[in-house]
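Please take these sequences and the hints and turn them into a complete structure.
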Amino acid sequence: MNKPLRRIAIFCGVLILALLVRTNYLQYVRADELNTRDENRRVRIERYAHERGNIIVDGNPVTSSVETKGSDFKYKRAWKNGPMWAPVTGYSSQAFDASQLESLEDGILTGNDDQLFFDRTLSMFTGEKKQGGNVVTTLNAAAQKAAFQGLGDKKGAVAALDPQTGAILALASTPSYDPSTFAGNSNSDTKAWQKLLKDKDKPMLNRALRETYPPGSTFKVVTAAAALENGLYTDIDGKTDSPLPWQLPQSSDNLANEGNIPCENASLKEALRMSCNTVFGKISDDLGNQKMIDEANKFGFNKEIFTPVRADASIYPKDNRPQNAMAGIGQASNRATPLQMAMVAAAVANDGKLMQPYMVAERQAPNLDVIYTHEKEQLSQPLSGENAQKLQQMMETVVKSGTGTNALIDGVTVGGKTGTAQHGLNNSEKPYAWFISYAKTASGSPVAVAVVVEDSQANRDDVSGGGLAAPIARDVMKAVIDNK
Amino acid sequence: MSVVTNTTTIGAIDAPSRRNTELGLMAFAIGISVFAYANVGLAIDGELPSGMLGYGLGLILLGGVAHLVVRKFAPYADPLLLPLATLLNGLGLVLIWRLDQSERLIALAKNAYGVFTPSAPRQLLYSAVGVALFAAVLFALKDHRILQRYTYISMVAALVLLILPMFFPGKFGAKIWITIAGFSIQPGEFAKIIIAIFFAGYLMVKRDALALASRRFMGMYLPRGRDLGPILVIWALSILILVFETDLGTSLLFFGLFVIMLYVATERTSWIVFGLLMSAAGAVGVATFEPHVQSRVNAWMDPFACYSTDPSGACEQISNAIMSFGSGGTLGTGWGQGHSDLIGFAANADFILSTVGEELGLAGMMAVLLIYGLIVERGVRTALAARDPFGKLLAIGLSGAFAIQVFVVAGGVMGLIPLTGMTMPFLAAGGSSVIANWALIGILIRISDTARRPAPAPAPSSDAEMTQVVRP
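Residue numbers (our numbering), protein chains in the order written: chain A, 23 to 506; chain B, 16 to 487.
Hint data in this document are derived by calculation from the structure and do not stem from the laboratory.
Some hints could be false.
Said to hold, decoys possible - Distance condition first, Cα-Cα at most 27 Å in a straight line; then the derived DSS-like pairs of lysine-lysine:
| # | chain 1 | residue 1 | chain 2 | residue 2 |
| --- | --- | --- | --- | --- |
| 1 | A | Lys96 | B | Lys125 |
| 2 | A | Lys320 | A | Lys462 |
| 3 | A | Lys213 | A | Lys102 |
| 4 | B | Lys125 | A | Lys25 |
| 5 | A | Lys224 | A | Lys176 |
| 6 | A | Lys177 | A | Lys222 |
| 7 | A | Lys213 | B | Lys125 |
| 8 | A | Lys375 | A | Lys325 |
| 9 | B | Lys125 | A | Lys91 |
| 10 | A | Lys213 | A | Lys177 |
| 11 | A | Lys177 | A | Lys102 |
| 12 | A | Lys167 | A | Lys177 |
Stated by the list, open to error - Label-pair ranges, simulated between beta-carbon atoms:
| # | chain 1 | residue 1 | chain 2 | residue 2 | range |
| --- | --- | --- | --- | --- | --- |
| 13 | B | Ala298 | A | Arg52 | 25 to 31 Å |
| 14 | B | Leu389 | A | Met146 | 30 to 36 Å |
| 15 | A | Leu390 | B | Gly39 | 52 to 58 Å |
In this text, a Cβ means the ideal position worked out from N, Cα and C, and glycines have one as well.
And the structure:
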């Protein structure tokens with residue numbers, strides 16, 4: 023009877039062996055895959071098990087972690103002044119994931135990033151509590167506050183840059199939302215989230231980065247740059263070859279100016295000061311679609327920009343002649359984000375050099391060691407220094423004696439351009455009020471800003487851009503200069 | 016098969032009793048469990064658990080009593096079986112106690128029943144009852160061959176035990192419980208041992224007839240109906256009952272038990288072929304007709320594919336079990352620091368192995384599986400060493416059933432085979448399981464004691480004196 027007994031022994035051994043092989047397969051071969059599955063709640067439990075690192079503005083955290091009860095997530099995220107900072111930080115919710123900096127810098131904030139490996143190993147031995155690292159932003163709290171308060175209950179966005187480095191100083195979007203209201207995973211969080219999703223005003227849309235608007239007359243700065251760069255005109259005070267009325271090519275329609283302004287053969291400077299559609303429409307047509315696209319691309323159009331938060335691509339389209347002429351004055355299919363137009367102003371202010379926009383200055387390990395510092399980086403050179411200075415003169419005239427006088431700051435040189443972009447079929451909807459500008463001091467330009475207000479009440483062209491958007495831009499610039 | 020067969024490493028004459036080895040191993044097993052308690056307490060609350068002294072003393076008491084009983088009533092028993100069982104029982108108690116601390120499970124229980132009752136104290140009580148039964152087996156059963164007398168009584172008892180749950184309400188999709196005065200018993204666990212006694216007794220008597228008086232049919236030797244008939248009927252009946260009670264794990268266990276014992280008794284390989292064919296047919300048949308089984312099979316094929324869509328929750332459960340194994344990784348998260356309680360319902364019963372996998376990791380899983388393997392190995396060795404066919408059959412039946420149970424439960428939880436609800440012997444929370452398995456170990460120890468007991472010294476022969484050459 024022993025022979026079958028031995029065989030049964032082997033059979034039992036095979037059963038145990040199969041289990042051993044299976045456990046090796048699950049716990050060694052598939053461990054990583056199983057451990058990072060979406061269904062694996064441990065991933066989220068772990069993410070919220072420790073205090074998250076902070077997002078820092080001007081040395082002060084704008085975020086914090088709050089201990090929660092009655093949930094397997096120990097900590098939840100909280101924001102100071104949530105609606106004001108939401109376009110910068112994004113949200114991080116136990117139930118609804120994360121966005122923008124909270125999502126992109128998650129590795130640093132949770133302390134799981136590979137760059138923190140040694141830090142983690144060290145604290146494993148010293149028995150310290152696991153902590154996240156910090157993300158230090160480039161933002162300027164005063165400028166952000168000026169932008170957010172300036173927009174008030176209007177719908178719109180502000181983007182402000184340091185032209186010399188590309189550092190983003192302000193990024194406001196209204197109406198905004200408070201990410202703290204849905205940071206947890208309770209019923210009230212779900213309700214707050216659903217309400218935000220259903221809101222017609224789209225408060226969670228980051229208008230400064232993710233919404234493209236027709237840039238209207240502010241785009242004339244790019245068109246002027248194209249004219250100077252391509253040698254179409256070299257003297258900004260010389261007469262241009264611009265008839266009035268000017269008929270759109272391949273069309274029986276005349277391109278109209280806003281009001282009765284002396285645009286016939288006006289100099290570039292005068293045309294920008296008064297915002298002559300005819301002059302800039304003709305420049306765009308004279309240069310042709312390709313040259314306009316090339317110049318727009320040098321300013322950053324037609325590609326997504328990562329700050330590291332992604333900004334939508336602004337579009338200067340490939341188009342036929344009449345449409346190209348319209349695009350040259352910021353209409354037709356021409357679309358730009360507020361960040362893009364701030365970059366245009368910044369490039370002009372920085373003598374033609376366009377710097378890569380960024381908003382993460384440093385990443386810090388939990389022990390505050392700096393593990394990453396942003397090095398400023400030139401993106402392109404849309405125009406020569408000489409032409410940039412010509413354009414500066416033109417933009418400064420706009421503020422001194424043109425449509426942008428509302429942006430004047432005592433004792434500071436300010437250059438700007440207003441815009442009112444028509445929108446809707448046959449301009450049926452409320453136009454967008456735009457203002458782009460930069461301020462300049464003895465040591466170069468510390469700030470360039472773009473403001474867009476969606477629901478302008480006034481109708482006349484540049485008055486609305488100058489009237490609604492310019493004061494906001496002025497406050498933002500003033501905040502930056504006063505804080506220097 | 017005769018008394019002098021000495022095919023084992025266990026010497027027939029003057030085998031050392033190895034009781035002190037057993038004592039040392041017992042101290043080790045209990046020491047590990049107490050250490051594990053301290054570990055869990057420190058991980059969860061940051062301090063030594065208040066119940067540690069109680070549980071520690073309880074374990075020491077149980078282990079000590081069991082050891083003394085073995086020393087007294089089965090001095091030549093295998094020295095490994097008792098420490099291995101004690102270690103598993105001790106680790107099981109720690110695991111259950113650890114899951115009692117889970118806020119998630121407490122909330123779940125409060126939602127479902129309004130109250131939460133910790134399982135660990137009850138498990139300690141059941142373990143005590145189990146050890147008492149173990150002691151009773153060793154005390155009352157001086158020779159395992161006495162059990163042969165109860166072959167047909169065992170048959171009736173097993174059938175009664177199996178039928179009883181039909182008259183009680185089902186729980187969690189299976190009717191396998193008898194509830195009396197608040198205590199529920201799973202008779203299947205006891206029926207496992209009793210039916211092994213019946214099979215061993217019957218087959219021992221009929222094995223020659225089954226093996227030799229057979230007709231050749233399609234290249235295989237089939238026994239005569241009058242020899243095989245009764246056992247086939249009992250076996251088929253028990254499987255049918257279990258299928259009706261949707262206790263599929265136990266029916267698989269009974270099937271395996273039957274085939275193994277028949278094969279050992281007759282030494283005919285054709286039984287294995289038969290067994291495999293029938294189990295395949297049975298599995299397909301049951302899977303086609305039982306929706307309960309179908310969902311389990313789907314969950315086994317790809318648990319993540321139906322993770323959130325499956326209404327029975329089987330996919331979610333098995334996915335969570337698999338993920339807890341994956342999250343444990345090689346070294347595990349450490350006692351008390353995993354999230355195996357995400358499995359929710361049955362985390363400390365059918366799915367207790369997930370907690371081992373997550374908190375002790377691959378290393379702990381291999382250790383636990385090898386402990387089970389060792390128990391089976393000692394059981395098979397006992398069968399080899401046993402000198403009587405009944406003891407051989409019973410020992411191989413019990414250890415084979417033990418091995419199959421471990422495989423079915425662990426394989427189910429790890430997604431190796433479809434999940435069928437059964438408990439991990441000694442580890443899982445559940446009174447019947449602990450008590451029945453202690454009885455099983457008791458019987459194995461009794462058989463091994465008989466097997467390893469030195470043959471009595473030959474009676475002095477008067478002739479020997481006469482033939483001696485006496486030199487002056």
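Here is what the structure says about each hint:
Note on Lys96 (chain A) and Lys125 (chain B): the hinted pairing holds, with a Cα-Cα distance of about 21 Å set against a maximum of 27 Å. Using a Cα cut-off of 27 Å, the hinted pair Lys320 (chain A) and Lys462 (chain A) holds, with the two alpha carbons roughly 23 Å apart. Distance restraint check for Lys213 (chain A) and Lys102 (chain A): the Cα-Cα separation of roughly 21 Å lies within the 27 Å cut-off, and the hinted pair is therefore satisfied. Restraint check for Lys125 (chain B) and Lys25 (chain A): not satisfied, since their Cα atoms lie roughly 55 Å apart, outside the 27 Å limit.
Of the pairs offered as hints, the one joining Lys224 (chain A) and Lys176 (chain A) holds, with about 13 Å between alpha carbons and a cut-off of 27 Å not exceeded. A threshold of 27 Å between alpha carbons decides the hint, and for Lys177 (chain A) with Lys222 (chain A) the separation of about 12 Å falls inside it, so the pair holds. For the proposed pair Lys213 (chain A) and Lys125 (chain B), the alpha carbon gap of about 26 Å is at most 27 Å, so the pair holds. Between Lys375 (chain A) and Lys325 (chain A) the alpha-carbon distance is near 18 Å, which keeps this suggested pair within the 27 Å criterion.
At roughly 17 Å between alpha-carbon atoms, Lys125 (chain B) and Lys91 (chain A) fall within 27 Å of each other, so this suggested pair holds. Using a Cα cut-off of 27 Å, the hinted pair Lys213 (chain A) and Lys177 (chain A) holds, with the two alpha carbons roughly 24 Å apart. For the suggested pair Lys177 (chain A) and Lys102 (chain A), the alpha carbons sit about 22 Å apart, so the restraint of at most 27 Å is met. Annotation: proposed proximity of Lys167 (chain A) to Lys177 (chain A) holds, straight-line Cα distance about 16 Å (limit 27 Å).
Hint check: Ala298 (chain B) to Arg52 (chain A), Cβ distance near 26 Å, so the stated range 25 to 31 Å holds. Restraint check, Leu389 (chain B) to Met146 (chain A): a C-beta distance of roughly 34 Å satisfies the suggested window 30 to 36 Å. Take Leu390 (chain A) and Gly39 (chain B): their Cβ atoms lie about 54 Å apart, and the range 52 to 58 Å holds.
In this structure, only the earlier hint numbered 4 is contradicted, and the remaining ones agree with it.
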